[in-house]
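Participant: Chain residues, written in single-letter form:
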Amino acid sequence: MSEASNTGAAPYDEMHTADGSVRPHYTSYAEWLDDVPRALIDRKRSEADIAFHRVGITFNVYGAEGGKERLIPFDLLPRIIPGREWRELERGLAQRVRALNAFLADIYHGQEILRAGRIPADQIINNAQFRPEMKGVDVPGGLYSMISGIDLVRAAGADGRGEFFVLEDNLRVPSGVSYLLENRKMMMRLFPDLFSRYHVQPVDHYPDLLLETLRAVAPAGVIDPTVVVLTPGAYNSAYFEHSFLAQQMGVELVEGQDMFVQDDVLYMRTTQGPRRVDVIYRRIDDDFLDPLAFRPDSMLGVPGLMRAYRAGHVTLANAVGTGVADDKSIYPYVPEMVRFYLGEEPVLNNVPTWMLREKDDLAYVLDHLPELVVKEVHGAGGYGMLVGPASTRAEIEDFRRRILLAPEKYIAQPTLSLSTCPTFVEAGIAPRHIDLRPFVLSGGKEIRMVPGGLTRVALKEGSLVVNSSQGGGTKDTWVVD
Amino acid sequence: MLSRTADHLYWMARYTERAENTVRMIDVSYRMSMLPHAGGDDHGNWRAILDISELSAAYARTGRPLSPRDVIEFVLLDRDNLSSVWNCLRAARENAHAVRGKLTGEMWETTNATWLEIRDLTPERLHEMDLGAFFEWVKFRSHLLRGVTVGTMFHDDAFQFARLGTFLERADNTARLLDVKYHALMPAGEDAQGATDYYQWGSLLRSVSAFETYRQVYRDVITPHKVAELLMLNDAMPRSLHACLDEVVDILGQVANARSCETIRKAGALHASLHYGSMDDIFAVGLHESLEKFLACINKLGDRISNDFLVPVAIA
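Just so you know, the protein sequences line up as chains D and C, in that order. Going by UniProt numbering, the first sequence opens with residue 1, and the numbers climb by one from there. Going by UniProt numbering, the second sequence opens with residue 1, and the numbers climb by one from there.
Everything labelled a hint here was simulated from the structure, so no lab data went into it. Fair warning: this is a prediction, and the values are worked out from it, not measured in the lab. Certain hints may be false.
Straight-line alpha carbon distances no greater than 20 Å define the calculated EDC-like cross-link-like pairs of lysine to aspartate or glutamate that follow [stated by the list, open to error]:
(1) D:Lys185 to C:Glu109
(2) D:Lys328 to D:Asp285
(3) D:Lys185 to C:Glu136
(4) C:Lys293 to C:Glu54
(5) D:Lys135 to D:Asp327
Distance windows between CB atoms, simulated [stated by the list, open to error]:
(6) D:Arg161 to C:Thr122: 56 to 62 Å
(7) C:Arg219 to D:Arg70: 56 to 62 Å
(8) C:Arg219 to D:Pro274: 44 to 50 Å
Okay, the calculated bits of chain C under chain D, using three or more residues with CB under 8 Å as the criterion [unchecked claim]:
(9) 139–149
(10) 217–223
(11) 226–238
In this text, a Cβ means the ideal position worked out from N, Cα and C, and glycines have one as well.
Sequences are here, hints too, so could you generate the full structure?
Facilitator: Written out as structure tokens, the structure reads:
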């Protein structure tokens, strides 16, 4: 565990080595940055701000005044990843997602991994994200998570080299890809000269790959499937993304009220009458899909959808029940899945994790709270976590009480020294912590992704929380050769 | 196309058109309030605006006096008046937001920018600025959205439903505009001739940018009879009832579905009454009565369209 823990070493800087010199893949950018007047950068920043506002690339904040739309701060200084590093990551990501999909298929069918004793059975059976409704249901291609968002961080190893770790797998409705695409569009518009200087690998074809992926998982026998994107509506925090993706793919953006089920077949209401729907890229959680199967109070879904789904008349992407594989209590077992299903050694590292349901782990964690990050197993969005080194004594003691009430609800990890990337802040250019979320598409035979991913940046000095709901920003991510 | 999508596009266009016509209506009253009066009812003009927009009761509840300043504020900016220009532009933007993926980038940016510009406008600032310039601004934002729609949107069903909203709303609004002047002008001087008529009916023509057109068509003095004819029966006059119904009938033919036969028939009948109508017949019934009947038909047609294609409404 020592190589990943915060041993007081300086965090890995994406642009500079420890002695302050510029890493080779940033050299050309650094030269450009030295030459360019600060006033020009400032002007470009306000240009970008205006353009994002005008285009309305926003997310809605729950609970904020009047449910207002807010811009995610966009940083003009790109995060650059050398091509050879990316290819390694890509290999690891494809491997990981393949294993996760095999795990999901297994859990809802034979449950061999449980019988082999590689994962304690009660971890699955008693998991709130496990959907008994899905047992024995065959899904097209055996695929469950067609769109996976894998959160990676880079931490400084003992030797000062940066190493990637998977922080979290998002297999339900991972969002953020629209910012990835819009950030690139904005950078190309603001700095066309930079793109002629660098050979930045393009990402714009993502909607194409997504559409192909969705078409590939249509129910058997459907030749020309009708694909739709299902959104909870215009007030959802990720509504911009839902509408953006539907538009880019040229498919309908539907709400639950636009569809109905008749004789286990799903239709949408069009101006020309009912039209059959074959594939739903759904951006709402399992619980809200069908009031007849899940929450009866939900108005977001379609009554009868689960029956149509189980009958194999419509495909949901991602499948129902994928949450059981991205749960934080399952995360520690993913490397084991890679070995069990693929017979390979994992390419990507997990962050070492203590499970507080285990006696020994609990004891260790309670003794070391000020050094650790403790997370709720079902938490998301940076809520419900303790960042030990950044917390006061009182906060730590308060969290200790919460843990003792229900230790099984928590996991703990060493405080990773997240890598930093130079970022434009009020005072000039300063290092800020970042992470990376690549989007991995599984459909048909191949696993595909666009190079890079969404880089999120914690704009507050020293902060490790990059979530947009907590004031994080984003950067364009360049994979260069 | 998704019915809800069509519904949002239709209402985006309707609300934008309504905002435009509301300022046209206010504009004409505002201009007329600057003319010397022949001892007529100073308030009649403003009361007529509220009557014809079906806002009198709502206005009475505000407890405000019937002053130009108060009525203008109410009709343009009042947050509680759902038909105020402010609320129309907000509703247009909300409808656009709900289907922004179906709009071209320029369409979305146009309606979003319009809303962002009017969003924080306070009554204080409104009265400080040149009202005429504000009216122009609203009209031009509406022109811009319509132009961007025609100029950038793929001309499929989605486009047709946006256009349908525009012309249905415009037919309704032109009829109201004409009726409001009838209310305001006729009781004062039923056989009025000469300068007063010229200015008052002239300002009505100007409000729909038809003053020069009138001269070109009639080469004659301005009479209520001919103004009404131009705005009701002339199919080359883009804001006339006839021209609007030309478009509505054409669009309904293009988007027809299995349910819409009766709606198409009703629209055709209304169109025919304008196509083959004469002003003598209309005045024999009474201009006001004819316009009221027309408004009722347009209203029912709107409900039928919602039920056949969009999101069903309860038919009264």
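Participant: Look at each hint and say if it fits the structure.
Facilitator: Going through the hints against the structure:
Between Lys185 (chain D) and Glu109 (chain C) the CA atoms are separated by roughly 16 Å; this keeps the pair inside 20 Å, and the hint holds. Our distance criterion of 20 Å between C-alpha atoms is met by Lys328 (chain D) and Asp285 (chain D), whose separation comes to about 17 Å. Distance check on the hinted pair: Lys185 (chain D) and Glu136 (chain C) sit about 35 Å apart at the alpha-carbon level, beyond 20 Å; violated. At roughly 16 Å between alpha-carbon atoms, Lys293 (chain C) and Glu54 (chain C) fall within 20 Å of each other, so this suggested pair holds.
Distance hint between Lys135 (chain D) and Asp327 (chain D) is fulfilled; the C-alpha atoms sit about 18 Å from each other, no more than 20 Å. Checked against the given bound of 56 to 62 Å, the beta carbons of Arg161 (chain D) and Thr122 (chain C), roughly 59 Å apart, stay inside it. Taking the beta carbon of each, Arg219 (chain C) and Arg70 (chain D) are about 59 Å apart, inside 56 to 62 Å as hinted. At about 56 Å, the beta-carbon gap between Arg219 (chain C) and Pro274 (chain D) misses the expected band of 44 to 50 Å.
For the region 139–149 of chain C, the proposed coverage by chain D is not satisfied: 0 residues have a C-beta within less than 8 Å of a C-beta in that chain, short of the threshold of three. With 0 residues carrying a beta carbon less than 8 Å from a beta carbon of chain D, the region 217–223 of chain C misses the three-residue requirement, and the given coverage is violated. With 0 residues having a Cβ less than 8 Å from any Cβ of chain D, the region 226–238 of chain C misses the three-residue criterion, and the hint is violated.
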